[in-house]
Amino acid sequence: MIEQKSLSKKDLVIAYWRWILFSNCNYNYERLMATAVVFSFKNVFKKLYGDNKVEYKAALKRHMQFFNTEPHFGSIIHGIVLAMEEQRAQGKPVTDEAINGIKTGLMGPFAGIGDTLWQGTLTPILLAFGLSMGSQGNLMGPLVYSVLMACIMFPIGYMCFMKGYGLGREGIEKVLGGNQIKKVITGASCMGAVVLGALAAQFVTVSCPQTIQMGALSMGMQKEVFDKLFLGILPLGATLLTLYMLKNRQMKPTLVTGIMVLVGMVGGVFWIL
Amino acid sequence: MTIEFWQAALIGVFYYLSQTGSLFFGCIGSLSILYKPLVAGTIVGFILGDPVSGCIIGAAIQLPYIAFISAGGSQPMDPGLAGYVGTAWAMVAGVSPAAAVTIALPLGLLGTMIWIAHMTLDVTFVHMADKAAEKGDLDKICFLHVWPPQILLFFLSVIPATIAVYYGADAVADIIASLSSTPLHVLEVIGGLLPALGIAMNLRAIGRTGTIPFFILGFIFIIYFKLPITAVAVIAAIIAFFYTQLSHPAEEALASAGDSTEEEDF
Numbered sequence: 001m002i003e004q005k006s007l008s009k010k011d012l013v014i015a016y017w018r019w020i021l022f023s024n025c026n027y028n029y030e031r032l033m034a035t036a037v038v039f040s041f042k043n044v045f046k047k048l049y050g051d052n053k054v055e056y057k058a059a060l061k062r063h064m065q066f067f068n069t070e071p072h073f074g075s076i077i078h079g080i081v082l083a084m085e086e087q088r089a090q091g092k093p094v095t096d097e098a099i100n101g102i103k104t105g106l107m108g109p110f111a112g113i114g115d116t117l118w119q120g121t122l123t124p125i126l127l128a129f130g131l132s133m134g135s136q137g138n139l140m141g142p143l144v145y146s147v148l149m150a151c152i153m154f155p156i157g158y159m160c161f162m163k164g165y166g167l168g169r170e171g172i173e174k175v176l177g178g179n180q181i182k183k184v185i186t187g188a189s190c191m192g193a194v195v196l197g198a199l200a201a202q203f204v205t206v207s208c209p210q211t212i213q214m215g216a217l218s219m220g221m222q223k224e225v226f227d228k229l230f231l232g233i234l235p236l237g238a239t240l241l242t243l244y245m246l247k248n249r250q251m252k253p254t255l256v257t258g259i260m261v262l263v264g265m266v267g268g269v270f271w272i273l
Numbered sequence: 001m002t003i004e005f006w007q008a009a010l011i012g013v014f015y016y017l018s019q020t021g022s023l024f025f026g027c028i029g030s031l032s033i034l035y036k037p038l039v040a041g042t043i044v045g046f047i048l049g050d051p052v053s054g055c056i057i058g059a060a061i062q063l064p065y066i067a068f069i070s071a072g073g074s075q076p077m078d079p080g081l082a083g084y085v086g087t088a089w090a091m092v093a094g095v096s097p098a099a100a101v102t103i104a105l106p107l108g109l110l111g112t113m114i115w116i117a118h119m120t121l122d123v124t125f126v127h128m129a130d131k132a133a134e135k136g137d138l139d140k141i142c143f144l145h146v147w148p149p150q151i152l153l154f155f156l157s158v159i160p161a162t163i164a165v166y167y168g169a170d171a172v173a174d175i176i177a178s179l180s181s182t183p184l185h186v187l188e189v190i191g192g193l194l195p196a197l198g199i200a201m202n203l204r205a206i207g208r209t210g211t212i213p214f215f216i217l218g219f220i221f222i223i224y225f226k227l228p229i230t231a232v233a234v235i236a237a238i239i240a241f242f243y244t245q246l247s248h249p250a251e252e253a254l255a256s257a258g259d260s261t262e263e264e265d266f
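First to last, the protein sequences are chains A and B.
Counting along the first sequence from 1, when you hit position 124 you're at 124 in full-length UniProt numbering, and nothing is skipped either side.
Counting along the second sequence from 1, when you hit position 114 you're at 114 in full-length UniProt numbering, and nothing is skipped either side.
Rather than coming from a laboratory, the hints here were simulated on the basis of the structure.
Note that the Cβ used here is the ideal one computed from N, Cα and C, for glycine as well.
Quick list of simulated restraints, FRET-style, between CB atoms:
#	chain 1	residue 1	chain 2	residue 2	range
1	A	Gly-220	B	Thr-182	19 to 29 Å
2	B	His-127	A	Tyr-244	32 to 42 Å
3	B	Leu-184	A	Trp-17	45 to 55 Å
4	B	Met-1	A	Leu-148	26 to 36 Å
5	B	Ile-116	A	Tyr-244	20 to 30 Å
6	B	Ser-96	A	Thr-211	19 to 29 Å
7	A	Lys-53	B	Ala-117	29 to 39 Å
8	A	Lys-223	B	Met-113	38 to 48 Å
9	B	Phe-242	A	Gly-220	38 to 48 Å
10	A	Gly-108	B	Pro-106	26 to 36 Å
11	A	Leu-262	B	Phe-225	31 to 41 Å
12	A	Met-221	B	Ala-117	34 to 44 Å
13	A	Thr-211	B	Leu-184	16 to 26 Å
Can you make the complete structure from the sequences, with help from the hints?
Listed below in C-alpha cells is the structure:
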C-alpha cells in the first residue's frame, strides 16, 4: 500500500520563506543557488522522504545541482518542483530528469522576466520617486522607497510560489504546453525595454564640451552638431555600444566597466567628453 | 566633523547587512533596500547625527547606479560601498552632493573585489555540502548554506568598510581640497557613463532579440516628449499588452483546433 504523503499549506509557506529570505546566503561562482534550494526544501524532504533513506539521499543530491534564477518571480519554479516532489513521494513516476529538466528549463526565462521587472523596471521607477524627495532632504524618500519595495516584492514572490505549486499539480504538460509563459516573457521584455530606454535618456549623461573654430565662427560640438543630429545621440550611442560589447562580443561586465573607466579617463583628460 | 570608532564599525555592519544574500530579509532587504545609496546615505546620516545631509548625499550617490543590476552571479559595481563609505567621507569632508558622487565612484569600482572574493570562497562550502549530501545529512547542508558563508562575508565586508570610514575620511578630505578640476571632471565623465552599464546589463538579461526598437521608443518618450518616468511605465505596460496580443494571437482558437504543438510556427 502506498501511503498518501501530501504537503500542507504550512509546509509550502515555510518553504517559501526559507527560500525568499535565504536564497543568496551561499551564492557562489560554481553552483550559485544550489544549496539554497536544498535549504528551502528542508521540511519538505523530511516529510516526504523521512522514512526512505535511499530517496532522501537521492533528493539531496538531485537538488545540489547548479541553479540560478531571480528569487521572486523564479519562486514559481520552486512551487512546481514541490508539486513534482510530492507526486514522486506518492509513487507517481516522476524522474530525476523531469525535475532537473523543469529547473534548468525554467530558471533562465524566469531570471530574464524577474530581473527585467524587478531590477530593470520596478526598482528604477521606485528609486526615481524616492530620489525626487530624498534629494531635497526629505527622509520620506528612502522610507517610502523601502516600504513600497518590500510591500510589492514579498507578495509577488509568494503568489509566484503558490501559483507554481498549483501549476505543478495540474501537470507539467500544462506548464510547458500553453503559451502563457511565452506571453508573459514577451510582455515583460517589451515593457522592460521601454522603461530602460527612458532610464537611459534620464540618467546616462555623455556630452562633448569641444568647440570647433572655423575662421571667426566657433561651433559648439554638442549644441550645434550632436543636438541638431538627434537629441541625446551620445548617451543613446554609449548605451547601445555597451549592450553590443556585453551581448554580441560576450564581454564580462567587469571588463566593460574597465573600458568605461578608460574611455572616461581619456575623454575627460583631453576634455573630449 | 570627526568619526568615532563605534560609528565607523556600525557603518561597517550595515554595509555587511546590505550585501546580496546577507541575513537581512533576503534579496529584498539587502540588495533591493539597504544596498541602495539613497537608503545607505540616510542610515549613515543617522549614525553620524545628521540624517538630512546623509539623505541628500545618498540621493546624489545613487544616480550612477539607478539601473544597477545584479544578475547571473555578476556584480560589476558596488553601490553599497559607494553609499556607506562615500556618504561618510563626504560628510566628514563637508563637500557638496555633486562632489560626493565623484568621491564615491572609485569605491563603487573597488568594492567589487569583496563580491568576487566571497563568490569564489563560497565554493568551498558547496563542496562540503556535497559530502554532507552523500551521507544524507540535511541539517549539515542547511548549516553550511547559512553560517560559514555569512561569517566569511561579515568579515570580508565589515573590516574594509570600517577601516575605510575610520582612517580614510580625513585623508579624503585633504585629497579633495587639493584636487584640480581635471581629475574631478574625469570622475564626472565616468559617473555619467556608468548608468549605461546597468541599463545594458538589464537589456541583456531580457534575453530576447527585437527589444531595441522598444528601447529607443522609451528613450524618445523622455528626450523629445519630456514625459515623467511613471507615465512612460504606464504607456510601456499598454504597449506591452497590445504587442503580446498581436504576437501571440488567440491561444484558445489554437487550442480548440487541437494543434497545440505547432502554435508558435507561423
